[in-house]
Amino acid sequence: MSLNELQRDALGEIFNIGVGRAAASLSQIVSDEVLLSAPEVMVVHREQAAKVLLGAELNQFSTVSQSFSGPFDAQAMLVFPESNALEIVRLMVGPHMSIEELSEFEQEAMCEIGNIILNACMSSLADIFHIRFESTLPLHRFGDTYNLPILDGDEEQMVLLLQVDMIISQQRIQGHILFLLSVPSMSALLDHIDRYLSSQGLA
Amino acid sequence: MEKNTHPLLLIVDDSRMSRMLVRAIVADSRPDWRIAEACNGDEALQIVAEECPDYISMDVNMPGISGLEAAGRIRIRHPEARITLCTANIQESTREAAARAGVHFVAKPITAQSVADAIAFFEA
Amino acid sequence: MTAGEFDGIDLGCVIDSLQVGIIILDSAQRIRHCNRWLTQRSGLSASAIDGKPLYEVFPEARGSRLEQAVLHAIDDRLPSLLSPALHGTLLALYQTPGDRRHDRRMQQMIHVVPLSDKAQQGACLIQISDMTANISRERLLRQQTETLRRTTTQDALTGVANRRKFDDVLASEFHKAQRNQSQLALMIIDLDAFSRYNTHYGRERGDVCLSEIAAVLQDAVRPLGDLLARYAGDEFALILPGIDEREACRLAENLRLRVGTLGISNAASNTGYLTASIGVTVMQPSADADTHTLLSSADVALYQAKHEGRNRVVYFSAEDGSFKSYG
Numbered sequence: 046m047s048l049n050e051l052q053r054d055a056l057g058e059i060f061n062i063g064v065g066r067a068a069a070s071l072s073q074i075v076s077d078e079v080l081l082s083a084p085e086v087m088v089v090h091r092e093q094a095a096k097v098l099l100g101a102e103l104n105q106f107s108t109v110s111q112s113f114s115g116p117f118d119a120q121a122m123l124v125f126p127e128s129n130a131l132e133i134v135r136l137m138v139g140p141h142m143s144i145e146e147l148s149e150f151e152q153e154a155m156c157e158i159g160n161i162i163l164n165a166c167m168s169s170l171a172d173i174f175h176i177r178f179e180s181t182l183p184l185h186r187f188g189d190t191y192n193l194p195i196l197d198g199d200e201e202q203m204v205l206l207l208q209v210d211m212i213i214s215q216q217r218i219q220g221h222i223l224f225l226l227s228v229p230s231m232s233a234l235l236d237h238i239d240r241y242l243s244s245q246g247l248a
Numbered sequence: 162m163e164k165n166t167h168p169l170l171l172i173v174d175d176s177r178m179s180r181m182l183v184r185a186i187v188a189d190s191r192p193d194w195r196i197a198e199a200c201n202g203d204e205a206l207q208i209v210a211e212e213c214p215d216y217i218s219m220d221v222n223m224p225g226i227s228g229l230e231a232a233g234r235i236r237i238r239h240p241e242a243r244i245t246l247c248t249a250n251i252q253e254s255t256r257e258a259a260a261r262a263g264v265h266f267v268a269k270p271i272t273a274q275s276v277a278d279a280i281a282f283f284e285a
Numbered sequence: 461m462t463a464g465e466f467d468g469i470d471l472g473c474v475i476d477s478l479q480v481g482i483i484i485l486d487s488a489q490r491i492r493h494c495n496r497w498l499t500q501r502s503g504l505s506a507s508a509i510d511g512k513p514l515y516e517v518f519p520e521a522r523g524s525r526l527e528q529a530v531l532h533a534i535d536d537r538l539p540s541l542l543s544p545a546l547h548g549t550l551l552a553l554y555q556t557p558g559d560r561r562h563d564r565r566m567q568q569m570i571h572v573v574p575l576s577d578k579a580q581q582g583a584c585l586i587q588i589s590d591m592t593a594n595i596s597r598e599r600l601l602r603q604q605t606e607t608l609r610r611t612t613t614q615d616a617l618t619g620v621a622n623r624r625k626f627d628d629v630l631a632s633e634f635h636k637a638q639r640n641q642s643q644l645a646l647m648i649i650d651l652d653a654f655s656r657y658n659t660h661y662g663r664e665r666g667d668v669c670l671s672e673i674a675a676v677l678q679d680a681v682r683p684l685g686d687l688l689a690r691y692a693g694d695e696f697a698l699i700l701p702g703i704d705e706r707e708a709c710r711l712a713e714n715l716r717l718r719v720g721t722l723g724i725s726n727a728a729s730n731t732g733y734l735t736a737s738i739g740v741t742v743m744q745p746s747a748d749a750d751t752h753t754l755l756s757s758a759d760v761a762l763y764q765a766k767h768e769g770r771n772r773v774v775y776f777s778a779e780d781g782s783f784k785s786y787g
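Residue numbers (my numbering), protein chains in the order written: chain Z, 46 to 248; chain B, 162 to 285; chain U, 461 to 787.
Among the clues, some could well be false.
Unchecked claim - DMTMM-like, lysine to aspartate or glutamate: derived pairs with alpha carbons at most 20 Å apart: (1) U:625 - U:704; (2) U:636 - U:679; (3) U:578 - Z:179; (4) Z:96 - Z:201; (5) U:784 - U:679; (6) U:636 - Z:201.
It is worth saying that the hints were derived from the structure and are not from the lab.
For clarity, every value in this text was computed on a predicted model and none was experimentally measured.
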């Protein structure tokens, strides 16, 4: 299952609107500009997504996940290399804290940051498609390349994979957003994109 | 060059869908407008060098130079061009930057409403 | 409002017994219900809260992330979490009246979850947990961890790194050198005739002497990047990333002189004072090399130094099997 160019472009724009809103929320928390962009969306198989993440030099990850259910279900996940996650928390919480103090806050702070970004992406989809999702609260986990939740399970799943670029206080930090969808959910998502495009007279 | 009486709108956006959306909504309500498209800031500058559009709808986050920079450069040479920044970056700092650059801010998503807002600014 | 029943138990009672703060909002963001925990911590009576707009009761929440989260729950039906790290003391809630007088707000973790009321209108539940104790407990835990970490990686006698720490750092520096294709130097510093020193002066003097020498060596290495460890009884090892042969040998010679000029008398040695022999090696490890080659090269160099009569520095190159002697 794959996206045509216009579907991919539409999804990219919708997620960019989402991360734009998330950036505005984060910027309100830090009272400073926060830039977030997700340049492009890829649709890959679970194993390929794992490979992209494993391609990173560091293999300790900080992940935040939420399960969304609605017209289609998605397990959404924000993944940062552990050192980047700590850096984000440092930049968000402020420079007055030692690294030890920061790590004590890291899990919950990352949970909240992930919650803001993932909710924003999904509510952007919901707004554009005029649909509604329910969601679990965010869950933070540390993981290495061997126990990353994405590697779990044997059900065939597709992954929407976005690279996120975050800039806080002139520091660029990279991570990924993943949406794991079952094959039926993926085709429901594609239907919604097509319906949206045709409602706008574009397809 | 002889001035064409039909206003020219340049849509600058790296997303094809966004360009198509703006074009479709504008074509609907202003069928006499001519419409050009560019998918990044540099391409926009090239088009502007040939014929300066009356109106420009500019995305901010694009490959190459940012929409804010492109808008700034265009305004130096063509202060008469009316430019909207049409962006997903809705932070106060971007709105302020738009105001400083003398351009109108329009938040994405692109809807009939947001395009109508841009058109109202163009024709004001 | 009435809360209803669950198996004959009044749900209002249940909510009042919870050890978290509960606020239930309707779709217009008016407070429909709050529990006893909240009235106690906010210092407000239930009648001053019920039915009032959220921001009238808690003006500090206006324009905050809590306001966004509430809208998100009512409009988008999505849940949010507000972490103590980023918001901490968002609401004016206090553990005790004394805390209120000194404006010491409790540390809060806030969950905002969508609810549906009978009319299928969006409503929302705000749940507040007191994190003050958790945060101070975590702080204590962190201090204990730090103490534990120091004791498990430090040599108890000399205060320099122990063998376990040495093994870890050597493995990681070796890997780094492989990846960056950079040089890695290793030195083994052995005190000459030290067992005889111990026999002659007693183990207690021997221990004092080891601590002194460790301090002198530690003083001479770069505080960042280099690692000095107690490798065995009277042997120290020094890991020096990014250093070439010339620099490594110059440093080794410097260390040898420093130990010698301490002037610790050693009747058991033929020089009359305590000296050191140092084996040095440097390698730029290839992808298939392992730390064993580096360690045994330094060992070979040290044996050669002993063999040449002690109190000297010998460099051994694993690449061409050559020795160079200093001192």
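Okay, the hints, checked on the actual structure:
With a CA separation close to 23 Å, the supplied pair residue 625 of chain U and residue 704 of chain U exceeds the 20 Å bound. In summary, the hint linking residue 636 of chain U to residue 679 of chain U is not supported, as the alpha carbons are separated by about 25 Å, beyond the 20 Å threshold. About 18 Å separates the Cα atoms of residue 578 of chain U and residue 179 of chain Z, which keeps this hinted pair within 20 Å; it holds. As the CA atoms of residue 96 of chain Z and residue 201 of chain Z are separated by approximately 16 Å, the hinted pair is consistent with the 20 Å bound.
A hinted pair counts as satisfied when its Cα atoms are at most 20 Å apart, and residue 784 of chain U with residue 679 of chain U does not qualify at roughly 26 Å. Distance check on the hinted pair: residue 636 of chain U and residue 201 of chain Z sit about 38 Å apart at the alpha-carbon level, beyond 20 Å; violated.
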